[in-house]
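Number of protein chains: 2
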Amino acid sequence: MMFQASLSVFIALLMGILGTVFVVWELKRVLSYDQGNERMQSIAKAIQEGANAFLSREYRVIAIFVAIVAAVISFFLHWQTALCFVVGAIASAGAGYLGMYVAVRANVRTAAAASQNLHAGLRVAFGSGSIMGMAVVSFSLIGMTVLYLIFNGNPNQITYVTGFGFGASSIALFARVGGGIYTKAADVGADLVGKVEHGIPEDDPRNPAVIADNVGDNVGDVAGMGADLFESYSGSIIAAATLGAALGAKSSAFIGLPFLVAAVGVIASLFGIYMVTADEQTAEEASADLSNASLLKKARRFVGRYVLKIDENASLDDLLTALRHSIWGASIVILIASFAVILLSGVSINYWLIIVVGLVAGNGIAYTTEYFTSYTEKPTQTIAHATQTGAATTIIQGLAVGMMSTALPVLIVAVAILLSIWLGHKADGSITAGLYGVALAGVGMLSTLGVTLATDAYGPVADNAGGIAEMSGLPKEVRHRTDALDSLGNTTAATGKGFAIGSAILTALALLAAYVTAAKIDTLHILGPTMLPGILIGAMMPYLFSALTMTAVAKAAHEIVVEVRRQFREIPGLMEGTAQADYATCVAISTESALKEMIIPGTLAVVAPLLIGHILGKEALAGFLVGTMSSGFLLAVMMANAGGAWDNAKKWIETGQYGGKGSEAHKAAVVGDTVGDPFKDTSGPALNILIKLMSIVSLVFATSFGSGWFSF
Amino acid sequence: MMFQASLSVFIALLMGILGTVFVVWELKRVLSYDQGNERMQSIAKAIQEGANAFLSREYRVIAIFVAIVAAVISFFLHWQTALCFVVGAIASAGAGYLGMYVAVRANVRTAAAASQNLHAGLRVAFGSGSIMGMAVVSFSLIGMTVLYLIFNGNPNQITYVTGFGFGASSIALFARVGGGIYTKAADVGADLVGKVEHGIPEDDPRNPAVIADNVGDNVGDVAGMGADLFESYSGSIIAAATLGAALGAKSSAFIGLPFLVAAVGVIASLFGIYMVTADEQTAEEASADLSNASLLKKARRFVGRYVLKIDENASLDDLLTALRHSIWGASIVILIASFAVILLSGVSINYWLIIVVGLVAGNGIAYTTEYFTSYTEKPTQTIAHATQTGAATTIIQGLAVGMMSTALPVLIVAVAILLSIWLGHKADGSITAGLYGVALAGVGMLSTLGVTLATDAYGPVADNAGGIAEMSGLPKEVRHRTDALDSLGNTTAATGKGFAIGSAILTALALLAAYVTAAKIDTLHILGPTMLPGILIGAMMPYLFSALTMTAVAKAAHEIVVEVRRQFREIPGLMEGTAQADYATCVAISTESALKEMIIPGTLAVVAPLLIGHILGKEALAGFLVGTMSSGFLLAVMMANAGGAWDNAKKWIETGQYGGKGSEAHKAAVVGDTVGDPFKDTSGPALNILIKLMSIVSLVFATSFGSGWFSF
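Line by line, the protein sequences give chains A and B.
The working numbering numbers the first residue of the first sequence as 1 and each following residue consecutively.
The working numbering numbers the first residue of the second sequence as 1 and each following residue consecutively.
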């Protein structure tokens, strides 16, 4: 039996709707939790207002950009592509908005729930994360499938849908860059004056930048990460479908396959999410006689009691295990279900192996990320050790660890690409089939996105909850619980980052292959006349882009520092806690500068491939993309891991190593952590998007490039 | 008229001999200068012994490596290639040894001469630099040309001579890595305890690591830089000759051309060197009636008085102008002479334009390096500004400046490659001719190496002279003069670094093209099955390599710190200046750890391309080299410029900006400078060599690679 492409797409649409139903249901559930006392609610309200103000202003700026680009696309290409572009932008923005909407409401509820116990806190925070995760997956699927079905029968059907990916990419870029600048400007600014100059703790209500800092966690880590993975998710499916369309006789099955894999991924993710919340049973229920209850209830009890072993007294390790099991559980579901899908599709079993390769590679990269950034492992401990000889050696060691940490992810991705191409080639005898394999590996890696993103997006909620607990003066044990949840979030965030970066490179490669097909390029000799200039300029882009985003953070942080210092100087009684800080001004400064600073790098990313394609020609553009991809991948991994390792080296010292908090070693560690902030939360993750965005811009405009200004 | 290749090679040999004559003559001249008082001589002796001990032990380690590799080459390839390999290693080691031999003797003489005036000091130090510069050029030319003539008539003639480049590369790698680790371990170690913990100034004789630090300047900056450029110089000529041999009818002219350009480069360099020392006239001579004197003497007087305007009262600016003029003068000679050479060779005038492109590109990169690292310009000043908010923002801003500084060099190199390929292609209608053009641009860029290296290699001599002046308690104005010479050296070092990095990338590309020709690869599709894995792994190599070298510096510096702390603790009266520090132990520790730590990165660089070539096949190896080249180029520029900018930001603050020495801003600047040390003097420059070495390993073993383990 061979599925028609449109049937597969229709199934994916249904799954997207199912996911949306879950989102609505879960949203109600999360919002039904207790919001805590009045002080907590007023703080939460300030964060909500700050986040809302930023997002609505950011979206207004992006709307202008989207309108201009849509006009350009309509003019030079087709109105259909422009329509898809706008829909992609709206779908991504919608998922980001929803994720943030719930995150800034779940934070205070998490703080309130953490007053009971650890696990109650996790349930709220994770619920918020799962809304984000499932919204990303569902909105992406609904958007793409509806557009696909609208243009059904049109020969350019898939070309149009690439516009959806471009729209999603544009939102991702601005969300990541703008949000990244916002969050780190506020964070660095708050820390530099608060912690370093005045010696007041993190999240102290006397610090005027504290609300901006908490807003930043949401706009950067929730909305930014969501948009990033929305793009990868959509991009990998689009790339696979585009390459599948070029695969001749079986093309209908090949186009449908990524949609089907994504569809079963929705089920798998829901299963994974269910596993974490499976224990939600009252004490009475736990001891109640369930012999007459439904099978679902029994299964849930069984999973909660014997597999996850989490209950009201769960420890941090138990929770980590629960989260891990939920991802593994989802992966197992995917492996089984996609095997069935492959059989139904009538394509070679090799493609199932490719999906396995993608999943294993994603988990492998996640594992190495965790190894290099966790303070229970040697690499981060060497950084902590280096703090003893001061800030300089801390930085040197951190950079060295970051650079070293690139080796394994690169090897994993290289092997995954090689195996995917090889398996695809063996199955259908062409390199195009092999490149389709790469795209499918990316789809496989991201198929469990609903749950992996949930485990990642809950972290900032827990972080915020800690801030609210601190500011509203909740008992110490509450703060300890939220800290534990936060630290758990840091660990699972490593997984999220691993998937984000691994999928970015596979997606970008698949998009590049789709571009080469669409631009009708026959051969791309690596020593071709314009190829090496293209590669070099491409390799330079991530450096230029990182320089711009890091400078942006530095500039914006400087403005915050000046303002915070001014408030401490001019507001009498602020330091003593008798006067109220002016939070709104810091929020406004972060918003202003983030929006201002995101324009240049954002525009650069869209314009650069167009310039290269037109001046140096379509071959050079392929080289350019390869250069960006390889250099950007390395730089992104280095920055993300160095940043994570510095952060955790500091945390390790805070557990009492090398003199603990307040020691000289700790001061050096704080320097490392501060340098790592823009690395891991602004510049590094933004590179994922740069890589994909430039590939998809090239793909969308593929037919418009010629041989350039130089004739050979 | 069309020159035969062997005639051109013979002319180059003669010029090599001429250069050697100059080296011997200049060596006598420099050694004839006054060595200063007894205290100075005893310090100089300690530095000489330390440098000698390190170099002889380093060469012993390298000898083992050379013997093993020579055996491998004999076994798998030909004994002739092995012979050339050994000769290349010996020639490079010889030039390095000689350069260091004179540097550690010129330092004390420079200090003594600086007691008179600034210019007298420059004359000695620059004389030492010019010995290094001309030794590198001459030994390389003699070695290659003699081997070429020995194997004359043998069809594998040029293949054998590639072994020379491999030998030179191996020495370069170990000299750069070993020397780089040595110098920065001693420097960082000395600074961390001396300056930071005990508050004693740079080069204070109480600091037990002070001699090791001074030895380090010589083994790292003199011997290391010399070996680096020896390799580029030899590599670019070999690559051009190899590609020229593939150019059919006119191949004899094409093979000869790079040798001829190098030959006229010797004349040009001697002219440039002469211009700096042209004013060496006593007061009587200056006013003497020269109407009956020789034309040479008159010309010399004219140049000294009216062009260079330097005399005994010359200011720093005058000296800088003199050094600049000497490089420009040499460039003008090259432009005129190579025009004649092109006419004589009977090849298209386009190849002359290519030489011009190479020279302009080299100077262009040098200019951008200077712009980004000089404290009179904005980029470095932004770093100084960032010191006000502490070490973290200093690091962030420095990294951002380093990343930003990659844009222009990449664009310059990209345009140079594009123009070279285009001009060559227009002249002879093939891409191979274009790639030959790239190699020739590299030869053009390096043709003035004799003088550019002289302006670079004199810096460490001046630096050492300052150390000796400080330690032997010479009057303050002497130290001021040596500091001025040192700071002049830092400026001209930017030029040297620009040429080193620009030439590395052109040479590596030309070697890659030669490899593709030698390995008989027809097409290298960028989306070929093993190509992208190759590119990604290649792009990772510079990160892995930098991680290893940076960790090595950190480890070695840590050992020095422990030892220096021990001496301050255990030697009574050391801090008060009544007891003598144990310098020898610090020298021994630096030597030991540098030698130990250079093995792994060194071996990795040689083994990695062989593994890739055999496992993934010869096509993947080409991708691997492209990946290393692009990612390594970016990382090298970033590290070198960030390091230079941090260094000068600190120096700018020391002139009194932002509170000057001892202020909080200065402390932050010191952190930046310390992070920059391994960046700019160990890891960054070692990447130049990594890029070239892996290319030449691939070229030498080109015929041994097959299609790898994966069949498609």
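Note that these hints are calculated values from the structure, not bench results.
Ideal Cβ positions, reconstructed from N, Cα and C, are used throughout, including at glycine.
Mixed in with the good hints there might be a few duds.
[What the hints assert, rightly or not] Simulated restraints on C-beta separations:
1. B/Glu202 <-> A/Arg569: 36 to 42 Å
2. B/Thr321 <-> A/Ile600: 33 to 39 Å
3. B/Arg60 <-> A/Trp709: 53 to 59 Å
4. A/Val607 <-> B/Gln116: 19 to 25 Å
[Said to hold, decoys possible] Cβ-to-Cβ under 10 Å is the rule here; a few derived chain A residues that face chain B:
5. Leu13
6. Leu14
7. Ile17
8. Val196
9. His198
10. Ile200
11. Pro201
12. Ile332
13. Leu335
14. Gln397
15. Leu399
16. Leu512
17. Ala513
18. Ile526
19. Val671
key: Hint check against the structure, violated hint numbers in rising order   = As far as the earlier hints go, 4, 5, 6, 7, 9, 10, 11, 12, 13 are violated by this structure, in ascending order.
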